[in-house]
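Asks: Protein chains in written order, with the numbering used here: chain A, 242 to 540; chain B, -7 to 268.
Derived from the structure by calculation, the hints contain no laboratory data.
Note that CB positions come from ideal geometry on N, CA and C, so glycine has one too.
Treat the hints loosely; a few may be bogus.
[Said to hold, decoys possible] With a straight-line Cα cutoff of 25 Å, these simulated DMTMM-like cross-link-like pairs (lysine to aspartate or glutamate) come out: (1) A/504 / A/349; (2) B/113 / A/314; (3) B/107 / B/204; (4) B/107 / A/349; (5) B/155 / A/486; (6) B/107 / A/314; (7) B/107 / B/86.
[Said to hold, decoys possible] Just so you have them, the derived chain A footprint on chain B, three or more residues with Cβ under 8 Å: (8) 40 to 51; (9) 159 to 166; (10) 224 to 236.
[Stated by the list, open to error] Restraint-style ranges between C-beta atoms, simulated for each label pair: (11) B/253 / A/537: 13 to 23 Å; (12) A/283 / B/75: 57 to 67 Å; (13) B/23 / A/421: 49 to 59 Å; (14) A/263 / B/77: 53 to 63 Å; (15) A/480 / B/151: 52 to 62 Å; (16) A/352 / B/92: 13 to 23 Å; (17) A/525 / B/204: 22 to 32 Å; (18) A/326 / B/75: 20 to 30 Å; (19) A/421 / B/152: 26 to 36 Å; (20) A/269 / B/151: 50 to 60 Å; (21) B/75 / A/350: 17 to 27 Å; (22) B/86 / A/526: 54 to 64 Å; (23) A/421 / B/255: 52 to 62 Å.
Next come the chains, spelled out residue by residue.
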Amino acid sequence: MSAQSTAAIPSADVWRPSQTRRRWSGWLFYGLAVFSTLMGLVMLGALLYDIFTDGAREVDWHFLSNYPSRIADNAGLRSALLGSLWMLAFTAIIAFPLGVGAAIYLEEYAPDNWLTRFIQLNIANLAGVPSIVYGLLGLGLFVRWLELGRVVLAGSMTMALLILPLIIVASREAIRAVPDSLREGSYALGATRWQMVRQTVLPSAAGGILTGTILALARAIGETAPLITIGALTYVAFDPNGPLDIFTVLPIQIFNWVSLPQKEFHSLAAGGIVVLLVVLLTANSLAVYLRYRMQRRLQ
Amino acid sequence: MINLRIDAQTTDAVATPSQNGQTDAILMTRSLNFWYGSAYVLEDVNCDVRPREVTAIIGPSGCGKSTFLRCFNRMNELIPTARLEGSVVFRNRDIYDRAVDPVEVRRQVGMVFQKPNPFPKSIYDNVAYGPRVNGYKGDMDEIVETSLKRAALWDEVKDDLKKSGLALSGGQQQRLCIARALAVQPDVLLMDEPCSALDPIATTRIEDLIRELREQLTIIIVTHNMQQAARISDRTAFFTVAESGAGVLVEFNDTQKLFTTPTDPRTEAYITGRFG
Chain A
242 MSAQSTAAIP
252 SADVWRPSQT
262 RRRWSGWLFY
272 GLAVFSTLMG
282 LVMLGALLYD
292 IFTDGAREVD
302 WHFLSNYPSR
312 IADNAGLRSA
322 LLGSLWMLAF
332 TAIIAFPLGV
342 GAAIYLEEYA
352 PDNWLTRFIQ
362 LNIANLAGVP
372 SIVYGLLGLG
382 LFVRWLELGR
392 VVLAGSMTMA
402 LLILPLIIVA
412 SREAIRAVPD
422 SLREGSYALG
432 ATRWQMVRQT
442 VLPSAAGGIL
452 TGTILALARA
462 IGETAPLITI
472 GALTYVAFDP
482 NGPLDIFTVL
492 PIQIFNWVSL
502 PQKEFHSLAA
512 GGIVVLLVVL
522 LTANSLAVYL
532 RYRMQRRLQ
Chain B
-7 MINLRIDAQT
3 TDAVATPSQN
13 GQTDAILMTR
23 SLNFWYGSAY
33 VLEDVNCDVR
43 PREVTAIIGP
53 SGCGKSTFLR
63 CFNRMNELIP
73 TARLEGSVVF
83 RNRDIYDRAV
93 DPVEVRRQVG
103 MVFQKPNPFP
113 KSIYDNVAYG
123 PRVNGYKGDM
133 DEIVETSLKR
143 AALWDEVKDD
153 LKKSGLALSG
163 GQQQRLCIAR
173 ALAVQPDVLL
183 MDEPCSALDP
193 IATTRIEDLI
203 RELREQLTII
213 IVTHNMQQAA
223 RISDRTAFFT
233 VAESGAGVLV
243 EFNDTQKLFT
253 TPTDPRTEAY
263 ITGRFG
């Protein structure tokens, strides 16, 4: 056997690996990777520059505290901002416990059988369903059948459905990343399954779960289609004060302004986008901060 | 009923009466057979573990040593395809009886794993974890201090109990895991190759600790290291892989006898280094 394997190694004059070609392909790949990264950064930079030069001067207290108006100088997005915040709050209240609960069940309790795998596959599929389909579902289910009307709660429930798969998938990843040795260590001390989940798995997975939830909520705040479908208004000149008030949200207000012919309203739309981006980036930084803090606590 | 008290010392471990043919063993296995799915892992193991002794389990890789160890605290059933036949008797009661809650068994039969696995919590919370989940209401500071002292870790960590358990060295982490296991006052401590991830100095400290702990509780230790088994154990069980592919208990005897005058040729071959 040893004689065979020695014979299998080709002698030096037949086997002369090319150093230069390999080094070149290495550099080429490096260049492509850097280019891909820069593409994203440049696009984001251009987008931010364009929007901020157009919209930043529109954003002041007057803009934030006034209702929309036919007269561009008087117009603000107070009702849309409040509507977005109300909707976001109730979406979080509905989607977070359901999503995390489902993830805990699937990862820690569910037996590994065809039914569980079928559910998991379909949750992944749900994450890819176009948002307008959720809007139609929300319209049929919450607005018409539950007779909630075109209120914040109906919007929140629709958005919760939309982001539930995202929260479940992110939470499952976070829970699965907790090493089994910790689960065994917990069981070996006489912990019940729930004690093990509550005191070992959830603290370790909290960072990932929170990050996933915040990113899902950030998606919800930017969605327009499902809310137009359920009939969120385009012109609201009063504050939504609770889950059962009719409402509009920032993206709808921005869309509304963009579709008007006058130039002044286009600047207002840019201002609205700035506000929306600030809310989004704040949410994302919060996610990054939370993850950092959790990781440091666990080192 | 299984005793659920958490006292400072559970002294009745040795007091099991040897009447009506019952042995004084604290743990016994009878006709123990074990499968993972279709893989036959343990074949007909009968083994009596005496209280207040260190019992070492040695044998080549894949002979089911760790699986056997995990039968004593029902850790195997966390694996969905695991199947066990026969009985494991702890203080005259079959722990695989339907009426027995594995949570109760694990409180009394503690375990230390191959790789140190402290929780990502403070040293204090690591030790307090077991008493807390078991509903201990007494002086937690005292139980933490006592347990860390019993695990010979107190002097090294007493000034920063709030520090993360993961910030300790490997050997310290393993002693923290021992302290954590001791904090629920188990009668038996299972150790699955506790030194295999440690350097020689840390290993020596754990071995010293095992010798001290023998005064207080029953220890069953799986080890790859025959010298270690010879150094620390009172009795040694030698497992090997049988024709069936499953692990079998070949020989179980006083450690000194097993290493000097083995009765089975397979034991002799293994301890003299001719296989495994």
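Asks: Each of the hints needs a verdict: does it hold here or not?
Replies: Structure-based check of each hint:
A distance of roughly 56 Å separates the Cα atoms of residue 504 of chain A and residue 349 of chain A; the hinted pair therefore is violated under the 25 Å criterion. Taking the CA atoms of residue 113 of chain B and residue 314 of chain A, the gap is near 56 Å; set against the 25 Å cutoff, the hint is violated. Note on residue 107 of chain B and residue 204 of chain B: the hinted pairing holds, with a Cα-Cα distance of about 22 Å set against a maximum of 25 Å. For the given pair, residue 107 of chain B sits about 22 Å from residue 349 of chain A by alpha-carbon distance, which is consistent with the 25 Å threshold.
Distance hint between residue 155 of chain B and residue 486 of chain A is unfulfilled; the C-alpha atoms sit about 50 Å from each other, more than 25 Å. With a C-alpha separation of about 68 Å, the suggested pair residue 107 of chain B and residue 314 of chain A falls outside the 25 Å cut-off, and the hint is violated. Distance check on the hinted pair: residue 107 of chain B and residue 86 of chain B sit about 29 Å apart at the alpha-carbon level, beyond 25 Å; violated. Check on the segment 40 to 51 of chain B: 0 of its residues sit with their Cβ under 8 Å from a Cβ of chain A, so the three-residue criterion for coverage is violated.
Residues of the segment 159 to 166 of chain B with a Cβ under 8 Å from some Cβ of chain A number 1, which does not satisfy the need for three, so the listed coverage is violated. A count of 0 residues in the segment 224 to 236 of chain B with a Cβ less than 8 Å from any Cβ of chain A is obtained; the coverage claim is therefore unmet, three being the minimum. A hinted range of 13 to 23 Å is violated for the C-beta pair residue 253 of chain B and residue 537 of chain A, which are about 58 Å apart. For residue 283 of chain A and residue 75 of chain B, the Cβ-Cβ distance of about 60 Å falls inside the hinted range of 57 to 67 Å, so the restraint holds.
The supplied range of 49 to 59 Å is broken by residue 23 of chain B and residue 421 of chain A, whose beta-carbon atoms lie about 30 Å from each other. Between residue 263 of chain A and residue 77 of chain B the beta carbon distance is about 58 Å. The supplied range of 53 to 63 Å therefore holds. In this structure, residue 480 of chain A and residue 151 of chain B meet the distance hint of 52 to 62 Å, their C-beta atoms being roughly 56 Å apart. At about 22 Å, the beta-carbon gap between residue 352 of chain A and residue 92 of chain B stays in the expected band of 13 to 23 Å.
The hint said 22 to 32 Å for the Cβ distance between residue 525 of chain A and residue 204 of chain B, and at roughly 54 Å that hint is violated. A C-beta distance of roughly 55 Å is found between residue 326 of chain A and residue 75 of chain B, which places it outside the suggested range of 20 to 30 Å. Remark: the range hint 26 to 36 Å for residue 421 of chain A to residue 152 of chain B is upheld by a beta-carbon distance near 28 Å. A C-beta distance of roughly 56 Å is found between residue 269 of chain A and residue 151 of chain B, which places it inside the suggested range of 50 to 60 Å.
Evaluation of the 17 to 27 Å hint for residue 75 of chain B and residue 350 of chain A yields a pass: the beta carbon distance comes to about 21 Å. In this structure the hint that residue 86 of chain B and residue 526 of chain A lie 54 to 64 Å apart at CB holds, the actual value being about 57 Å. For the pair residue 421 of chain A and residue 255 of chain B, the supplied restraint of 52 to 62 Å is violated, since their beta-carbon distance comes to about 39 Å.
The structure fails hints 1, 2, 5, 6, 7, 8, 9, 10, 11, 13, 17, 18, 23 (numbered hints given earlier, in ascending order).
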